[in-house]
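J.: Using the sequences and the hints given, assemble the complete structure.
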Amino acid sequence: MGHDTAEWVYVGVICGILAWVGADSWYVEKLVDDVPKDAEVIKVTAQQWFWTFEHKDGTKEVGQLHLKKGQPYKFEITSKDVNHAFNMPDWVIMQDAIPGRINKAWFVPDQVGEFPIQCREYCGLLHYNMRGTLYIEDNK
Amino acid sequence: MVLELARPRPIWQIMFSTHHTDVALLYTITSLAFLFMGGVLALTLRAELFAPGPQIIPDSITFNRIFTVHGTTMLFLFAIPFASGIGNYLVPIMVRYKDMAYPKLNAIAFWMIPVGAALVWLGFSDVSWTAYAPYSVIRAPGPAADMWIFGLKIVGISSVLSSINFVVTIMKCKHPDLPLSKVPLFAWSMLVISLMTIVAIPTFAAALLMMLTDRLGVSGFFNPAMGGDPIAYQHLFWFTFHPEVYIFILPAIGMMYEIIPRFSRKPLYSQASGVFAFVMLAIIGFASWGHHMFATGMSFTEKTVFMIGTLAAVPASGMHVFNYLATMWGGRIRFDAPMKFAVGGIALFFSAGAGGVLNTAMPLDFITHDTYWVVGHMHLFLTGTIAFGFVAFTYYLFPFITGRMYNRKLADYHFITMFAGTVMVFFTQHLLGLYGMPRRVFDYPPFPAWIAMNEFATIGAFILGSGMLAFLINLIYSSAKGKEANMDDPFGLGGKYYYPVSAKTPHHTGY
Amino acid sequence: MKTTSIQSMKSILALLAVSLTALLVLPLVNLADAATGEKEYVKLRNEIWNLFFRMTTAAFVVGAVVSGTIIWLVWRFRESHPKNKAPTKWETGEAAH
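Residue numbers (the numbering used here), protein chains in the order written: chain A, 28 to 167; chain B, 799 to 1309; chain C, 246 to 342.
Incorrect hints may appear among the rest.
What the hints assert, rightly or not - Stretch-level coverage of chain C by chain B, calculated; a stretch enters the list once three of its residues show a Cβ under 8 Å from a Cβ in chain B: (1) 259–266; (2) 286–300; (3) 314–327.
Hint data in this document are derived by calculation from the structure and do not stem from the laboratory. Even glycine gets a Cβ: it sits at the ideal position worked out from N, Cα and C.
T.: This is how it looks when you write it as structure tokens:
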């Protein structure tokens, strides 16, 4: 009975793997945490059960969002009633929309097309249908 | 036999008894009943998700109510009471005391559970088991949500009372010749989770009260319009419920520590390492609640702190796996139903843990958070490890409780279908999450990949369900008509390795 | 018996260590390559998915070792295995507890 070398080696290997997991994800998080300086702000407002997007020039879109390829965007996400989560799975954008808070997310579209926007935090009756569409258009 | 009902008695004598084995029987039967009730709800949900468009559930509010009650039932009415039930059977025996420290308190703690359960089931609320404010405060329909709050309040008090009872039984009523370090690991797991419950539950109890007064409109703790903060609810909630994850899982780990050495016919590899890992998990479990909230707008620093706190819990879990495997190494293993479920549980425990490490990595949260990945991950722990451990232990204690043997063929069928079903449902749900499907949705758009994976998961769920049906039939049929068990050695392991019921022998620890 | 089991355990651990070192080094080499190219913005989704695949690879390597060990243990130490006919020293009581 009692500990022996094998167990210590095993625990050491686990700690090594975990240290790598921690360091690598810290590095990547740091990389994606910085919003580019020239990002254009899009105000995203969630409410039961649709999305409103306000562009820099004040134009508003409901349920759909038109963006330009190659331009960095910063989303300022908030909610009017309950918690929602702004999510574009194809672009790995996911941030909760919480009343009384403004959360940020950013990305640079590098591909033209139509992509789904959805709510990922349970928000009641029509949570499943709180969807929108992202259109990315060519800048040129 | 200690666990057996002494003689056939009228049911009310068992119901109003305060003896630990009687209360244990009540706990065990009640929690298994809730397992099957929650399972029926789960199958309903899976059938609904088989294809896009409404299938068998008429509308989304019903769907939302069903998944709320499914989650609440499985966690608070199955997992916690089942652990208390087995604890009631074995802890007094393992510490060599005649009963629990406070027999009446024990019975009261049990009888609060049907009351709480009635509130949850009659209300059938749609707040989801996490009941995030502000939805639960400003939008969830009453009185269902209020009944849910009171139901959980009562279940919470019950689990605090039974925890106090376990702590006192182990710390104060332990036989003086038995040092704490020699107390068998299952009793250790009950000690550790009881202490964790006492520390963790009050926070959620406070959050429930705040939610209630918010719902009544007299306060605004979670309402930004009144100066409150919805995030505060999540902090209070997860401060209780991340440790609660360990409260769910440690009894299952402790049960495997009972089963594996006996069926391997070998002493446990290391009692000390098991105790150490339990205590480590109990402490570190309180340092990681924030990883449930990475997407709420946490700062980089907060995320880093909680990521490190979460990763720190992994080595201790790994030590348990090592302990199991090293115990099996060199043994002569009899694969009766309890051992099959225990080994299956270890394999799935590892898979769930590996998925958990991926969840911890901060940027991956953007991919996985609130998708079916999370559903798959959490169910892999809850079904793959906790339910496997609990089912293993049900089979293990079955002959000691009923004096009869379960049907081995049905048990084998149960094992194969439950293992295959678990893998089919929950591994597939991980993939669904990677494809971006959000959790808690009544319906989904007809993306071909989503449809295929949902169909596969539903088929898996029904395979799992057929196994659980076999389990139910086995329990009922074999307790009445099963073959009489050889009570000295029901599993034919040879007399050297003592069963818990004959634990009065001085050398019963360390096996 | 005890020594052989520890030796085989050690060889498994050594294998594990080697494969994980390889996993550590490979992405770093890629990173060095990537640094030479000129790019304006971080490609958020690529970075995150690459991290995901690095970690999944590690998880599956460790998973293969763990489940391989479990399968081998189950196969080798079942009581019906030909080498397991006789009771072990723990059953006969030769081993001290």
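J.: Does each hint hold? Answer for all of them.
T.: How the hints compare with the structure:
1. Here the region 259–266 of chain C counts 0 residues with a CB under 8 Å from a CB of chain B, which misses the bar of 3, and the coverage is violated.
2. Counting residues of the region 286–300 of chain C whose CB lies closer than 8 Å to any CB of chain B gives 6, which reaches the minimum of 3, so the coverage claim holds.
3. Residue count for the region 314–327 of chain C with a Cβ under 8 Å from a Cβ of chain B: 7. That meets the three needed, and the coverage hint holds.
Going down the numbered hints, you'll see the structure goes against just number 1.
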